[in-house]
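Build out the structure end to end from the sequences listed, making use of the hints.
Heads up: the sequence shown runs through residues 1 to 749, numbered per the numbering used here.
One or more of the hints may lead you astray.
Distance condition first, Cα-Cα at most 16 Å in a straight line; then the derived EDC-like pairs of lysine to aspartate or glutamate [to be verified]: (1) 476 x 351; (2) 482 x 571; (3) 252 x 448; (4) 386 x 253; (5) 476 x 527; (6) 317 x 291; (7) 476 x 567; (8) 679 x 459; (9) 252 x 391; (10) 284 x 253; (11) 476 x 346; (12) 174 x 201; (13) 174 x 210; (14) 174 x 193; (15) 482 x 527.
Derived by calculation from the structure, the hints in this document are not laboratory data.
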Amino acid sequence: MSTLGKITRRTFVIGSAAITGGVLFGVYKYKQPYPNPLEKNLAQGETALTPYVLINASGVTIIAPRAEMGQGVKTTLAALVAEELDIDVQNVRIEHGVPSNAYYNAAVLEEGVPFPPQDTSSTAQMARDFMHVPAKFFGVQVTGGSSSTVDAFKKMRMAGATAREALLLAASAKLNVAKNTLSTDNGEVISKDGQRIAYTELASLAASVELPDDVKLKPKSEWKQLGHPIPRVDMVEKCTGTATFGIDVLQKDMLYATIKVNPHLGAKCHAFDANNAANMKGVKAILPLADVGAAVVATNTWYAFKAAEKIDFDWAKTQYAQTTDELFESAIAAFNEEHQDSQNRDDGDVDAVIGAAGDATIHREYRAPLLAHATMEPMNATAIMKDGQLDVWVGTQMPTYALSEAARVSGIEAQNIRIHTTYLGGGFGRRLEMDFIVYAVMVAKQLEGTPVKVTWSREEDMTHDSYRPFAVARFKGVTQGKNISALDVKVSSPSVMESQMGRLGVSLPGPDSTIVQALWDQAYTIENYRVTGYRVPMGIPVSSWRSVGASQNGFFNESMIDELAIEANADPIEMRLSLITHQPTRNVLEAVANMANWGRDVAENHGLGVALVTSFGVPVAEIVEVVNTPRGIKILNVYVAADVGIAIDSRNIEAQLISAVNFGLAGAMMGEITLLDGKVQQTNFHNYDAIRMHQAPVIHTKILENGERIRGIGEPGTPPAAPALANAIFAATGLRMREMPFNKHIQFV
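If you want it as structure tokens, here you go:
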């Protein structure tokens with residue numbers, strides 16, 4: 001692989017006219033690149049590999065191959081290219097990349113290596129680099145795991161730098177002057193005598209130039225856009241309601257549909273009787289969805305919703321746990337050797353120290369429930385099958401899998417299918433799933449020639465999610481003086497990877513790192529320290545939820561550490577600092593303590609709680625300030641410090657941290673999915689609430705750049721929110737929250 005700062009001719013190929021007579025620039029790093037996704041659009045003799053920059057008569061287009069779901073990635077990825085191309089990102093067109101293995105995410109698997117993020121040894125880095133090999137083999141174009149910017153940071157800057165170099169060489173040839181006498185500025189090449197030539201005028205000539213061996217990237221000191229707040233390129237259309245989300249797609253002569261599938265998740269539909277619905281106003285058809293349920297097609301979505309309520313179904317039931325209590329019983333039953341999944345940390349002699357401590361050992365148990373993704377935009381997709389072609393408009397986090405699933409269900413070859421990725425009205429991991437795409441294709445197949453938009457009702461969406469898994473954690477701890485001498489942590493949970501990837505027909509061997517994510521890999525150096533993960537057998541479908549395993553494990557771990565600090569009569573921050581040698585992590589904790597003026601005298605009934613969680617390589621520390629009022633707990637302030645290594649856009653990072661904190665607080669305060677008779681009980685926001693504006697605290701942020709490399713920020717702000725709140729509640733009331741949601745035990749105002 002190329003080194004940071006340059007890319008050689010051997011690892012770069014530039015092709016000519018790709019679309020409408022334009023020029024396509026791109027980068028590839030491996031000897032056997034995937035086929036160019038735009039190849040079928042090329043004229044005879046034209047070539048292009050791994051496209052990122054398109055220049056034609058209308059201007060510059062940058063391809064951003066990750067899904068925009070509110071995290072700002074469309075702007076960020078385009079800015080990486082624009083910086084090196086020396087053009088204002090506000091002056092380019094940005095398009096989502098078509099589904100293609102060529103846009104595979106090389107960084108998404110790095111989180112699974114058996115090395116904590118604080119380990120920067122050559123062995124650990126070699127393991128992380130090696131994960132790029134299976135990532136390429138899978139070829140998954142995925143948005144998730146806070147990996148988009150990490151994956152793009154080098155290769156998209158290199159694409160921009162190489163395109164700029166080609167344009168300079170073209171201008172050099174055109175003007176018959178030395179290249180080093182030329183400069184660029186916002187889409188133009190400028191000669192020494194002041195002549196300016198637009199990139200669009202040089203595109204065709206640039207396609208034929210011979211590139212030099214090395215193309216250097218700009219040093220950080222020369223960045224004009226990166227490292228500064230960048231206005232979001234999608235802000236105007238989102239604020240004016242002109243942005244096209246999946247639910248906004250319109251096609252000529254389109255019909256509207258909704259679905260009803262078995263509320264016993266994963267079970268079949270024996271039969272259904274649609275007589276009461278077939279003749280209702282607007283209904284055009286009632287179609288079977290294989291053996292899982294039915295779709296109602298109508299002249300508008302509301303008519304479809306109302307008719308779906310009148311269908312009588314004979315549902316099969318599932319064999320797994322039918323109640324919430326049974327779910328937790330299954331987790332407790334998995335605490336044995338047969339179900340042990342991993343033990344990534346086993347330092348010192350935990351058993352000896354705990355055995356010697358006897359009754360002085362602290363025993364605790366924590367629990368976390370199922371959680372729904374509850375995206376603002378319910379699941380939907382629009383599809384039309386016609387003349388052997390299939391078009392699908394959908395907001396998806398995995399367009400390559402959307403393509404393969406559409407091909408499988410429709411029977412149409414992938415090259416005859418177009419997936420049009422729209423904006424996502426919230427993802428949080430839910431749009432990694434394929435069910436809503438599969439159902440839309442099933443309907444389109446039965447209505448060949450007619451476009452149909454399939455929209456889930458909120459109730460169908462809430463009760464047919466793939467949920468954040470339930471989990472139980474147990475720990476034994478021994479304190480000595482004001483420190484921790486031994487800690488034994490056990491966590492039992494279903495496997496997200498087994499469940500999620502199993503639905504895609506992929507079997508992943510070995511342990512699931514998400515079961516113990518943010519437990520074994522934290523920066524604490526306790527002499528006797530063991531973390532063991534146990535895998536609950538598959539049952540109710542579970543999936544990635546914002547911050548994945550760290551969302552519950554951060555709560556478990558940081559609540560445990562706080563309990564041990566209180567037991568040892570130690571200051572919670574001072575104890576944590578005494579256990580951390582990794583300087584960037586220490587800096588984060590010290591920064592948040594300074595922000596909150598930790599150690600100050602607090603008013604009566606007030607409390608401060610701290611939590612420090614490293615997830616996706618980002619150490620994030622949060623301090624929550626609460627007051628215990630006669631009506632309940634009021635969250636006043638949240639202080640957040642995070643180290644992202646390199647901050648591309650501080651304003652966007654701040655926005656993501658604020659979003660993540662509120663998301664984590666909502667889950668901790670009131671988030672819970674429960675089962676009764678094998679069915680999800682929560683059906684809408686009246687009984688699956690979210691944090692309201694009057695409950696949202698003032699959130700103060702500080703962004704540090706001491707880490708060893710660039711990191712993503714979409715998810716790491718969520719895990720510390722729950723434990724920091726729990727620890728603050730304890731400080732204010734003396735009540736210890738060991739079970740989420742907290743509103744089962746305390747009121748919030």
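Hint check: residue 284 vs residue 253, CA-CA at most 16 Å. Holds or violated?
Holds: residue 284 and residue 253 sit about 13 Å apart, inside 16 Å.
Would the hint linking residue 317 and residue 291 be met if the CA-CA limit is 16 Å?
13 Å, holds
Holds or violated: residue 476 with residue 346, Cα cutoff 16 Å?
14 Å, holds
Pair hint residue 252 and residue 391, alpha-carbon separation not exceeding 16 Å:
Holds - the C-alpha atoms of residue 391 and residue 252 are around 14 Å apart, at most 16 Å.
Quickly compare the C-alpha distance for residue 476 and residue 567 to 16 Å and report which way the hint goes.
13 Å, holds
Please work out if residue 386 and residue 253 have their alpha carbons no farther apart than 16 Å.
OK: residue 386 and residue 253 at ~13 Å, within 16 Å.
Under the criterion that the straight-line Cα-Cα distance not exceed 16 Å, is the pair residue 252, residue 448 satisfied?
This hinted pair holds, its Cα atoms lying about 14 Å apart.
Taking 16 Å as the top limit, are the C-alpha atoms of residue 482 and residue 571 close enough?
Roughly 8 Å separates the two Cα atoms, so the pair holds.
For the pair supplied as a hint, residue 476 and residue 351, is the alpha-carbon distance within the 16 Å limit?
With a Cα-Cα distance of about 10 Å, the restraint between residue 476 and residue 351 holds, given a limit of 16 Å.
Compare the distance between the alpha carbons of residue 482 and residue 527 with 16 Å, and conclude whether the hinted pair is satisfied.
Holds, at about 14 Å.
Given the hinted pair residue 174 and residue 210, is their alpha-carbon gap at most 16 Å?
Roughly 14 Å separates the two Cα atoms, so the pair holds.
Going straight from one Cα to the other, do residue 679 and residue 459 come out at no more than 16 Å?
12 Å, holds
Going down the numbered hints, you'll see the structure goes against none, and every one checks out.
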